[in-house]
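Asks: Here are the chains, one letter per residue:
2 protein chains.
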Amino acid sequence: MSLPSPIPMRLAPLSLTRVVADIEAGRATPETVIREANERIDSLDGVIGAFVRRASADSIAAASAATGPLRGVPFGVKDIFDTFDMATEHGSPIYEGHQPLADAPLVAIARSLGAAILGKTATTEFASMDPAATRNPHDLAHTPGGSSSGSAAGIAAGMLAAACGSQTGGSVIRPASFCGIAGYKPSFRLLPTVGMKVFSWTLDTAGLFAAGVADVALLAECLSGRELTAPPLADASGLTIGLYRTAMDTGPQGRLDPAMAAAWETAAKALETAGAKLIDIPEPAALEAARDAHGTVQNFEAAQALLHERTMHRSRMGPQVLALLDEGAAVTPEAYDAGRRTARIGRKAAAALFDTCDALLAPSAFGPAPKGLATTGDPALNKLWTLTGNPCVNVPGLATAEGLPLGLTIVSRFGRDRTALSVARLLEDKIQAA
Amino acid sequence: MSLPSPIPMRLAPLSLTRVVADIEAGRATPETVIREANERIDSLDGVIGAFVRRASADSIAAASAATGPLRGVPFGVKDIFDTFDMATEHGSPIYEGHQPLADAPLVAIARSLGAAILGKTATTEFASMDPAATRNPHDLAHTPGGSSSGSAAGIAAGMLAAACGSQTGGSVIRPASFCGIAGYKPSFRLLPTVGMKVFSWTLDTAGLFAAGVADVALLAECLSGRELTAPPLADASGLTIGLYRTAMDTGPQGRLDPAMAAAWETAAKALETAGAKLIDIPEPAALEAARDAHGTVQNFEAAQALLHERTMHRSRMGPQVLALLDEGAAVTPEAYDAGRRTARIGRKAAAALFDTCDALLAPSAFGPAPKGLATTGDPALNKLWTLTGNPCVNVPGLATAEGLPLGLTIVSRFGRDRTALSVARLLEDKIQAA
Numbered sequence: 001m002s003l004p005s006p007i008p009m010r011l012a013p014l015s016l017t018r019v020v021a022d023i024e025a026g027r028a029t030p031e032t033v034i035r036e037a038n039e040r041i042d043s044l045d046g047v048i049g050a051f052v053r054r055a056s057a058d059s060i061a062a063a064s065a066a067t068g069p070l071r072g073v074p075f076g077v078k079d080i081f082d083t084f085d086m087a088t089e090h091g092s093p094i095y096e097g098h099q100p101l102a103d104a105p106l107v108a109i110a111r112s113l114g115a116a117i118l119g120k121t122a123t124t125e126f127a128s129m130d131p132a133a134t135r136n137p138h139d140l141a142h143t144p145g146g147s148s149s150g151s152a153a154g155i156a157a158g159m160l161a162a163a164c165g166s167q168t169g170g171s172v173i174r175p176a177s178f179c180g181i182a183g184y185k186p187s188f189r190l191l192p193t194v195g196m197k198v199f200s201w202t203l204d205t206a207g208l209f210a211a212g213v214a215d216v217a218l219l220a221e222c223l224s225g226r227e228l229t230a231p232p233l234a235d236a237s238g239l240t241i242g243l244y245r246t247a248m249d250t251g252p253q254g255r256l257d258p259a260m261a262a263a264w265e266t267a268a269k270a271l272e273t274a275g276a277k278l279i280d281i282p283e284p285a286a287l288e289a290a291r292d293a294h295g296t297v298q299n300f301e302a303a304q305a306l307l308h309e310r311t312m313h314r315s316r317m318g319p320q321v322l323a324l325l326d327e328g329a330a331v332t333p334e335a336y337d338a339g340r341r342t343a344r345i346g347r348k349a350a351a352a353l354f355d356t357c358d359a360l361l362a363p364s365a366f367g368p369a370p371k372g373l374a375t376t377g378d379p380a381l382n383k384l385w386t387l388t389g390n391p392c393v394n395v396p397g398l399a400t401a402e403g404l405p406l407g408l409t410i411v412s413r414f415g416r417d418r419t420a421l422s423v424a425r426l427l428e429d430k431i432q433a434a
Numbered sequence: 001m002s003l004p005s006p007i008p009m010r011l012a013p014l015s016l017t018r019v020v021a022d023i024e025a026g027r028a029t030p031e032t033v034i035r036e037a038n039e040r041i042d043s044l045d046g047v048i049g050a051f052v053r054r055a056s057a058d059s060i061a062a063a064s065a066a067t068g069p070l071r072g073v074p075f076g077v078k079d080i081f082d083t084f085d086m087a088t089e090h091g092s093p094i095y096e097g098h099q100p101l102a103d104a105p106l107v108a109i110a111r112s113l114g115a116a117i118l119g120k121t122a123t124t125e126f127a128s129m130d131p132a133a134t135r136n137p138h139d140l141a142h143t144p145g146g147s148s149s150g151s152a153a154g155i156a157a158g159m160l161a162a163a164c165g166s167q168t169g170g171s172v173i174r175p176a177s178f179c180g181i182a183g184y185k186p187s188f189r190l191l192p193t194v195g196m197k198v199f200s201w202t203l204d205t206a207g208l209f210a211a212g213v214a215d216v217a218l219l220a221e222c223l224s225g226r227e228l229t230a231p232p233l234a235d236a237s238g239l240t241i242g243l244y245r246t247a248m249d250t251g252p253q254g255r256l257d258p259a260m261a262a263a264w265e266t267a268a269k270a271l272e273t274a275g276a277k278l279i280d281i282p283e284p285a286a287l288e289a290a291r292d293a294h295g296t297v298q299n300f301e302a303a304q305a306l307l308h309e310r311t312m313h314r315s316r317m318g319p320q321v322l323a324l325l326d327e328g329a330a331v332t333p334e335a336y337d338a339g340r341r342t343a344r345i346g347r348k349a350a351a352a353l354f355d356t357c358d359a360l361l362a363p364s365a366f367g368p369a370p371k372g373l374a375t376t377g378d379p380a381l382n383k384l385w386t387l388t389g390n391p392c393v394n395v396p397g398l399a400t401a402e403g404l405p406l407g408l409t410i411v412s413r414f415g416r417d418r419t420a421l422s423v424a425r426l427l428e429d430k431i432q433a434a
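Chains as they are written, first to last, in full-length UniProt numbering: chain A, 1 to 434; chain B, 1 to 434.
One thing to keep in mind: the hints can contain errors.
Unchecked claim - DEER-style ranges, computed between Cβ atoms: (1) B:H98 - A:M312: 32 to 42 Å; (2) B:A61 - A:P93: 21 to 31 Å; (3) A:R316 - B:E96: 26 to 36 Å; (4) B:P93 - A:M312: 27 to 37 Å; (5) A:A57 - B:A87: 24 to 34 Å; (6) A:E31 - B:K371: 54 to 64 Å.
Claimed, not checked - Which chain A residues stay away from chain B? Per the calculated CB distances, all over 12 Å, these: (7) L11; (8) G26; (9) R54; (10) A57; (11) A108; (12) G225; (13) P232; (14) P284; (15) Q304; (16) E309; (17) P333.
Hint data in this document are derived by calculation from the structure and do not stem from the laboratory. Using N, Cα and C, we set each Cβ at its ideal position, and we do this for glycine too.
Could you build all of it, start to finish, from the sequences and the hints given here?
Replies: This is the structure:
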């Protein structure tokens, strides 16, 4: 594929907090916000490719007249979530034109709060590794990451103020890092995954994207009905932050890009300067083992979840997902059950980490978005936390010398999503202030 | 509705073990077994109403030519599981004619093993409490139970040798008890629930039906890929069986029918005579609290899972499920989260029960199938084990003086499904021998 040279785009992310405040105060109307977002999609998406389908004029008209706290909010839905008014194709030709009868609950909740569903966003095939045609708004020659490629790129390019995605390995945190936006993978099952195409029921987690951390926290609060926003922390005094170090970062197996290592250090220093105590947390063996079990659990379940497609529509599946499913079909139930036991032990080890710190700070990826669209990047640094179910937030704001975003992840105790969002917001503030 | 007087039917359940052995030995062919089952459905189902949809001639022809360990096995699929070759209506007019693209994985696995999917079986609306039109083969004036009404009745009437269902409260164990067949609710998530209409993701459990316990164990072994059959236990020596007693059984709040109380005692004595040590286990407070939390968790999740249907198709929903969903919509996230915590504590309390015994013995229902088709009966004695995720097997073989079946439940430790099935089989043998 011939890639255009990097075109510097004028990136103007649409802050959800600002949209909501402007509409609330009468400085904007749902209709104008929606129209401007649609105009931005019209002008940019031919190049970006964040959308695979746009809402009908009828749906737009209904959304413009909606009421509720998210009225007028341009919202993108990853195309593995069912929508009653748009086809849902899961990034697969097998599902071409497939029209569900009902909205997935997460979509129905967003609509019930007034959100304007402007379209379906591009996903890798079945939210696995065969890429979508989406480009990174920060540099069109680079991947936006995946599998929630279109949701992340749509936010980064300012075409959307809110979007949903999903993470089975690293499909929320990684594209958020590559696209320089906030991404939030909640505690396992905080947001409903019903009506979302299943890949691995032990791992599939619905997640959210927005421009900044305060934006994604507001979105999560509205959609979950939990108190997840709070007055921003003035400083980090009293907080202990664990720098979570794995054998993959540095040392003989080290894969961390120097720019990401520097970003990690910058973020850690920002928190320390704000009063946090930093401690080193070398990865416990139980969590290294849990990460190794991720593939066994995921692939066995995916081979079952997509058994019909794999047997009846094999020739219409991408090479990467097909190889993964064939691998999964070769996993024995004994190996899978052993993997689930390893995961349970890992969840307990993850809980124990938070006896010594309030949150973990870690890189969201080994480096910036890789060049080219043939790969969506490596989920190695994300998938452990998908398996353990701990909440993760990608904090944007840092970049390489070339301007490619570098994200950091804040991880907190299972069920303490508000902690992860609060610490992430503080970090984002301190990075912006620096 | 005018009900026919009880017509004594000649019930001839089709033993899965015998079908598989006959085909294996060449005493029968898949084609003849399938033809005879279809003839039996033709002659009986006008009265029973177990099926809502039959397989096409093409699908029957394909099934007759299938290979694999379950080849020729007449298999019924509850109509909340997706099937690529038959509509899937979830017992709801909203889904009239709804045609999924893919088989649910459990169906795809059954087909891949050669099973002959002969039709979709009747379900209460969305597998909740608004009844299907199915009758109890043991007495047509009585309910077969629900929500897996058609799967249970189809097995009891000998129209099927195997069937799948699901349990969110008591939708496998209760109809199995009322219809005098074996029902198996596995450990939570042993069998995939993908492609099954979601009611409550914390509770929905795929389950199985067959004529006897050895039959359902063979079916479970084939579909799960786990070793779940074993040479039958000669006796119960070395086994400790806990008689699980709740405040609902006897005493001031007691609701147990005297016939069921007698059946429970008969079963306990049969195990004691076979060498088991019996102990009384009064229900711990943590498990009583967990049962009380079942409705909070279920209803909150159901209100989310069916949000689109409830808001967009309200007038086409049954009164019982609508009342439940409205109740669920009024549950606060705080109350739901508290319910989930109570459930987690309950799971630990359930695990502790098996430190003092190998399995529990309890009634599967308060009594035999209630008269009339307006209710499918009460899941109160089943729903705790759905919430805790422990494996349960309904053991058939006892009945009231009028010939209505009375089932007993064997419960074992989470993940020890083979124990539950082995003890259940022993109990079934001893009841039959008595």
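Asks: Hint by hint, where does the structure go against what was stated? Just the numbers, ascending.
Replies: 1, 11, 12, 15, 16 and 17
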